[in-house]
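So the protein lines, in turn, are chains F and C. Heads up: the first sequence begins at -15 in our numbering, then just goes up one per residue. Heads up: the second sequence begins at -15 in our numbering, then just goes up one per residue.
Check the hints yourself; a few may be wrong.
[As the list claims (entries may be wrong)] With a Cα cut of at most 25 Å, we get these calculated DSS-like pairs of lysine-lysine: (1) C/LYS41 / C/LYS98; (2) C/LYS120 / C/LYS98; (3) F/LYS25 / F/LYS41; (4) F/LYS98 / C/LYS41; (5) C/LYS98 / F/LYS120; (6) F/LYS(-14) / F/LYS98; (7) F/LYS98 / F/LYS41; (8) C/LYS58 / F/LYS98; (9) F/LYS58 / C/LYS98; (10) F/LYS(-14) / C/LYS120; (11) C/LYS25 / F/LYS98; (12) F/LYS58 / F/LYS41; (13) F/LYS(-14) / F/LYS41; (14) C/LYS120 / C/LYS25; (15) C/LYS41 / C/LYS(-14); (16) C/LYS120 / C/LYS(-14); (17) C/LYS98 / F/LYS(-14); (18) F/LYS98 / C/LYS(-14); (19) C/LYS58 / C/LYS41; (20) F/LYS120 / F/LYS(-14); (21) F/LYS98 / F/LYS120; (22) C/LYS25 / C/LYS44.
[Claimed, not checked] Computed list of chain C residues with no C-beta within reach of chain F, every gap over 10 Å: (23) MET(-15); (24) ARG19; (25) GLY42; (26) GLN43; (27) GLY48; (28) PRO55; (29) ALA74; (30) ASN93; (31) LEU115.
Simulated from the structure, these hints should not be mistaken for lab results. None of the values given here were measured: they were computed from a predicted structure. All C-beta atoms, glycine included, are put in the ideal place defined by N, C-alpha and C.
Number of protein chains: 2
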Amino acid sequence: MKISTRVEYGLLALTDIAVHSEDGGTVSSAEIADRQGISQKYLEQIMLALRQGGFVKGQKGSRGGYQLARPAEKIFLSQVLNALDNSILADSFDPDDEQGGEMREQVNNCLWDKLNGYMRRFTEQMSLADLINECKKDSSERKSYMYYI
Amino acid sequence: MKISTRVEYGLLALTDIAVHSEDGGTVSSAEIADRQGISQKYLEQIMLALRQGGFVKGQKGSRGGYQLARPAEKIFLSQVLNALDNSILADSFDPDDEQGGEMREQVNNCLWDKLNGYMRRFTEQMSLADLINECKKDSSERKSYMYYI
DNA sequence: TGCTATTCCTACAACATTGATATGAATTAT
DNA sequence: ATAATTCATATCAATGTTGTAGGAATAGCA
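With these hints in hand, go ahead and build the complete structure from the sequences.
Printed below as a string of structure tokens:
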């Protein structure tokens, strides 16, 4: 699945802030852009969405920057993805403008709704802290993500 | 997850052909377009991809049309999706043009590759016949799709 | 043979989305 | 004051999506 840079950079920014503000300080967009090798101005737009979504707090002015608005354990990826991209976890179709009869609806229900369900459940139970902590481990022995679906 | 009409119409066409060619006859793009309420000319382009992917055989000329190239039990959705859309099941990034360091790679490995894996495994084990037969049932009691991931 | 129906193939266009860049206002620490 | 920083909006080029259009090639049928 191809993902947008907007979503990718947004998650990178959140992980960067979580990792580099452990002393309670702030992290500026210039720092993040430099560390992650991405455009600062583009990142600022993404930070806007993250702030409006309630994931970070911004402090203006000199020595300003961003902090997480709440602990990384309480930021779930489904919320972040919805704030950054309104289609990635969206239902695949709007029942209101369906015209193709029941076959169309069956295919949608059976396939896309099922895939959507997997993605939604996975991202609802995975927090930013999980993303940071678990992903550093070697994936070969992990069992914590062997979910039932 | 938003899906393209190209993928949606392609799956609709395959299910339509499977359902309406049980006597060994062919199904024309005009029939499909009419039944499913979609543009015939657009559908013809999609049928081209489905034929080139080896999922249907086309018979030209008067009284021509399409048939499945092999039984619906042997057409797996992962193959169809790849033929219709080169991003839906693709890896989320190309390692060659990664520049953002290890954090970027960790996020990709941990999140997108995992989601990709779910989608790939699900669509690899679901056939066109499954899509047709199972989706007609009421979904409340089904257990055949409670896979381990 | 000619007519019709159909697949097959290519070109193009309107529109939306993506991935930025640019500019500057507002705010804050020093 | 000045510099640093967030906050906000406008613009833009490239690309992808969703078709439309036109016609060549082929096959059945009268």
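Status of each hint after checking the structure:
With a CA separation close to 35 Å, the supplied pair C/LYS41 and C/LYS98 exceeds the 25 Å bound. A C-alpha spacing of about 29 Å is found between C/LYS120 and C/LYS98, which places the hinted pair above 25 Å, so the restraint is violated. Of the pairs offered as hints, the one joining F/LYS25 and F/LYS41 holds, with about 18 Å between alpha carbons and a cut-off of 25 Å not exceeded. At most 25 Å may separate the alpha-carbon atoms for a hinted pair to count; F/LYS98 and C/LYS41 exceed this at roughly 30 Å.
Restraint check: the Cα-Cα separation between C/LYS98 and F/LYS120 comes to about 14 Å, which is no more than 25 Å; the hinted pair holds. With a C-alpha separation of about 19 Å, the suggested pair F/LYS(-14) and F/LYS98 falls inside the 25 Å cut-off, and the hint holds. Under the criterion of a C-alpha separation no larger than 25 Å, the hint pairing F/LYS98 with F/LYS41 is inconsistent with the structure, at around 35 Å. A distance of roughly 21 Å separates the Cα atoms of C/LYS58 and F/LYS98; the hinted pair therefore holds under the 25 Å criterion.
Under the criterion of a C-alpha separation no larger than 25 Å, the hint pairing F/LYS58 with C/LYS98 is consistent with the structure, at around 21 Å. Taking the CA atoms of F/LYS(-14) and C/LYS120, the gap is near 31 Å; set against the 25 Å cutoff, the hint is violated. A threshold of 25 Å between alpha carbons decides the hint, and for C/LYS25 with F/LYS98 the separation of about 30 Å lies outside it, so the pair is violated. In summary, the hint linking F/LYS58 to F/LYS41 is supported, as the alpha carbons are separated by about 15 Å, within the 25 Å threshold.
Taking the CA atoms of F/LYS(-14) and F/LYS41, the gap is near 29 Å; set against the 25 Å cutoff, the hint is violated. With a CA separation close to 29 Å, the supplied pair C/LYS120 and C/LYS25 exceeds the 25 Å bound. Of the supplied pair hints, the one linking C/LYS41 and C/LYS(-14) is violated, its CA atoms being roughly 29 Å apart against a limit of 25 Å. Of the supplied pair hints, the one linking C/LYS120 and C/LYS(-14) holds, its CA atoms being roughly 23 Å apart against a limit of 25 Å.
With a C-alpha separation of about 13 Å, the suggested pair C/LYS98 and F/LYS(-14) falls inside the 25 Å cut-off, and the hint holds. Proposed proximity of F/LYS98 and C/LYS(-14) is supported: the alpha carbons are some 13 Å apart, at most 25 Å. Between C/LYS58 and C/LYS41, the direct Cα distance comes to roughly 15 Å. Compliance with the 25 Å bound is thereby established for this hinted pair. About 23 Å separates the Cα atoms of F/LYS120 and F/LYS(-14), which keeps this hinted pair within 25 Å; it holds.
Our distance criterion of 25 Å between C-alpha atoms is broken by F/LYS98 and F/LYS120, whose separation comes to about 29 Å. Taken as a hint, the C/LYS25 and C/LYS44 pair is honoured in the structure, with Cα atoms around 16 Å apart against an allowance of 25 Å. Chain F draws C/MET(-15) into its interface by the beta-carbon criterion, the shortest separation being 6 Å against a cut-off of 10 Å. With a least CB separation of 7 Å from chain F, C/ARG19 falls inside the 10 Å interface cut-off, contrary to its annotation.
With a cut of 10 Å on Cβ distances, C/GLY42 stays outside the contact zone with chain F, its closest approach being about 21 Å. With a minimum CB-CB distance of about 23 Å to chain F, C/GLN43 clears the 10 Å threshold, and the non-interface call stands. A cut-off of 10 Å between C-beta atoms confirms that C/GLY48 is not in contact with chain F; the least separation is 23 Å. Every CB of chain F is more than 10 Å from the CB of C/PRO55 (nearest about 19 Å), matching its label as outside the interface.
Its closest Cβ contact with chain F, about 6 Å, brings C/ALA74 to no more than 10 Å, contrary to its assignment away from the interface. At roughly 7 Å, the least C-beta separation between C/ASN93 and chain F is not larger than 10 Å, which violates its mark as non-interface. The claim that C/LEU115 is not at the interface with chain F is violated, since a C-beta of that chain comes within 10 Å of its own (minimum 6 Å).
The structure fails hints 1, 2, 4, 7, 10, 11, 13, 14, 15, 21, 23, 24, 29, 30 and 31 (numbered hints given earlier, in ascending order).
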